[in-house]
Amino acid sequence: MTKNEDFILVRKARLGDKDAFRQLVEEYKKQVYFIAYRMTNNHADADDLSQEAFVKAYQSIGSFKGKSSFFTWLYRITINITLNYLKKAGKNQPFELDENISIADSSLSPDKVLQQRQLHEQITKAINSLPVKEKAVVELAVLEGLPHKQIAQILGCREKTASWRLFQARKKLKEKLSSFV
Amino acid sequence: MDCRKVEKLLSRYLDNSLNESSLDEVKSHLDSCEKCMTEFNAMVKIDGLVKLKAKETPSKEYFENYWRRLEDKIDNGHIYSLSEQKRLFSPFLARFAFNSILAALLIFLGGLLYIHSQQIKSLQFVQEETHKTMTRYLAHLRTKIDMKEGIQSSVQPFDKIEKAAIMQLKYQQSKDI
Ligand SMILES: [Zn+2]
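Heads up: the sequence lines are chains V and R, in that order.
So the mapping is simple: the working numbering equals the position in the first sequence, first residue as 1, plus 27.
So the mapping is simple: the working numbering equals the position in the second sequence, first residue as 1, plus 23.
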């Protein structure tokens with residue numbers, strides 16, 4: 028969906044067109060869910076947080092001025108809700124693979140699946156050890172592939188700050204995952 | 024550009040977030056510096072590992088039902104706010120709650136202990152009084168026995184309780200010996 032298509036849908040949604048909002052949800056539900064999931068490593072939390080983000084977006088779409096893209100605005104809401112939650116929930120996020128989550132790689136043999144699970148848990152453990160703000164930058168830069176300028180907009184910080192956090196995060200991850208590199 | 028400066032820019036280089044002049048400088052440095060190139064390759068590998076997280080996914084059905092569940096919440100104007108809800112379990116509040124419960128428990132225990140000590144005191148009092156009464160009674164019995172043994176007919180015969188007490192007394196004496 029182009030930025031312009033989003034913009035038209037947003038205008039309609041602002042006038043109370045729920046179906047227009049539904050189309051926006053269909054477009055971004057996975058990204059929004061996955062941000063929350065990868066930050067919390069927990070399906071139930073990711074479900075609650077992502078739905079909360081969409082409800083908030085629906086309720087406050089009138090205040091969306093179109094200065095950034097809808098997508099940036101929506102990510103910002105999601106990240107804020109998730110960071111808020113993480114601050115309150117404390118540092119100890121699980122690193123075990125959630126029972127509602129599977130690794131999309133059906134070609135693997137059973138013992139390879141176990142190895143894969145363990146690898147995933149090691150990676151999650153390393154990511155979990157980062158401060159939440161660095162975690163957010165890793166999620167947006169590495170997993171979402173967003174440019175640093177947009178990450179800065181989403182997080183409401185300067186581009187230099189976002190880049191610096193990412194540099195720090197990558198250095199730490201390199202240390203923690205040195206056995207795999 | 025020196026290695027230290029390049030190292031700091033590698034992260035931005037990797038994400039295509041460098042301006043053109045820096046981009047060219049980093050590129051040409053990497054072509055000639057093995058150390059920085061190794062560093063860059065390690066970073067690419069780390070990113071590759073992190074990207075494995077993208078394979079973790081819930082079921083297809085979950086996303087199929089996503090809007091239906093969301094629509095219910097939008098229509099009801101109800102948000103179950105996890106980010107707000109967790110406020111209840113914030114470390115500060117948890118500590119506060121824990122301390123309050125602990126304080127309440129200590130006060131309660133203190134109260135119990137006080138009541139208990141009062142009870143012990145009154146129990147001791149009763150025991151002391153009983154002991155005194157018993158001692159007096161036994162002294163009275165002894166006198167009565169002595170008088171009986173001295174064949175003083177004017178002395179009242181032993182009643183049931185006295186007989187039992189004498190039996191007990193004799194038993195005690197035989198044990199003491
Ligand atoms: Zn170098």
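The set of hints was computed from the structure by calculation and includes no laboratory data.
A hint or two may mislead.
[To be verified] The calculated DSSO-like cross-link candidates involving lysine-lysine, where the alpha carbons are at most 30 Å apart (straight line), are:
#1 R/58 to V/201
#2 R/183 to V/203
#3 V/176 to R/96
#4 V/199 to R/76
#5 V/160 to V/199
#6 V/199 to V/94
#7 V/57 to R/167
#8 V/176 to R/74
#9 R/68 to V/203
#10 V/30 to R/28
#11 R/155 to V/187
#12 R/31 to V/203
#13 V/114 to R/58
#14 R/83 to V/198
#15 V/139 to R/58
#16 R/50 to V/115
#17 V/160 to R/28
#18 R/28 to V/56
#19 V/57 to R/28
#20 R/28 to V/201
#21 V/83 to V/115
#22 V/30 to R/58
#23 V/114 to R/50
#24 R/74 to V/56
#25 R/83 to V/56
#26 R/76 to V/56
#27 R/83 to V/201
#28 R/144 to R/167
[What the hints assert, rightly or not] Far from chain R by the CB rule (all over 12 Å, computed), these chain V residues:
#29 63
#30 64
#31 72
#32 189
If you're wondering where the values come from, they're calculated on a predicted model, not measured in any experiment.
Each residue gets a CB set at the ideal place from its N, CA and C atoms; glycine is no exception.
Hint by hint, here is what the structure shows:
no.: 1; hint: R/58 to V/201; result: holds (15 Å)
no.: 2; hint: R/183 to V/203; result: violated (90 Å)
no.: 3; hint: V/176 to R/96; result: violated (33 Å)
no.: 4; hint: V/199 to R/76; result: holds (17 Å)
no.: 5; hint: V/160 to V/199; result: holds (14 Å)
no.: 6; hint: V/199 to V/94; result: violated (34 Å)
no.: 7; hint: V/57 to R/167; result: violated (102 Å)
no.: 8; hint: V/176 to R/74; result: holds (21 Å)
no.: 9; hint: R/68 to V/203; result: holds (13 Å)
no.: 10; hint: V/30 to R/28; result: violated (36 Å)
no.: 11; hint: R/155 to V/187; result: violated (90 Å)
no.: 12; hint: R/31 to V/203; result: holds (19 Å)
no.: 13; hint: V/114 to R/58; result: violated (38 Å)
no.: 14; hint: R/83 to V/198; result: violated (35 Å)
no.: 15; hint: V/139 to R/58; result: violated (34 Å)
no.: 16; hint: R/50 to V/115; result: violated (43 Å)
no.: 17; hint: V/160 to R/28; result: holds (23 Å)
no.: 18; hint: R/28 to V/56; result: violated (39 Å)
no.: 19; hint: V/57 to R/28; result: violated (37 Å)
no.: 20; hint: R/28 to V/201; result: holds (18 Å)
no.: 21; hint: V/83 to V/115; result: holds (19 Å)
no.: 22; hint: V/30 to R/58; result: violated (41 Å)
no.: 23; hint: V/114 to R/50; result: violated (39 Å)
no.: 24; hint: R/74 to V/56; result: holds (19 Å)
no.: 25; hint: R/83 to V/56; result: holds (12 Å)
no.: 26; hint: R/76 to V/56; result: holds (17 Å)
no.: 27; hint: R/83 to V/201; result: violated (33 Å)
no.: 28; hint: R/144 to R/167; result: violated (34 Å)
no.: 29; hint: 63; result: violated (9 Å)
no.: 30; hint: 64; result: violated (7 Å)
no.: 31; hint: 72; result: violated (6 Å)
no.: 32; hint: 189; result: violated (9 Å)
Of the numbered hints stated above, those contradicted by the structure are hints 2, 3, 6, 7, 10, 11, 13, 14, 15, 16, 18, 19, 22, 23, 27, 28, 29, 30, 31, 32, listed in ascending order.
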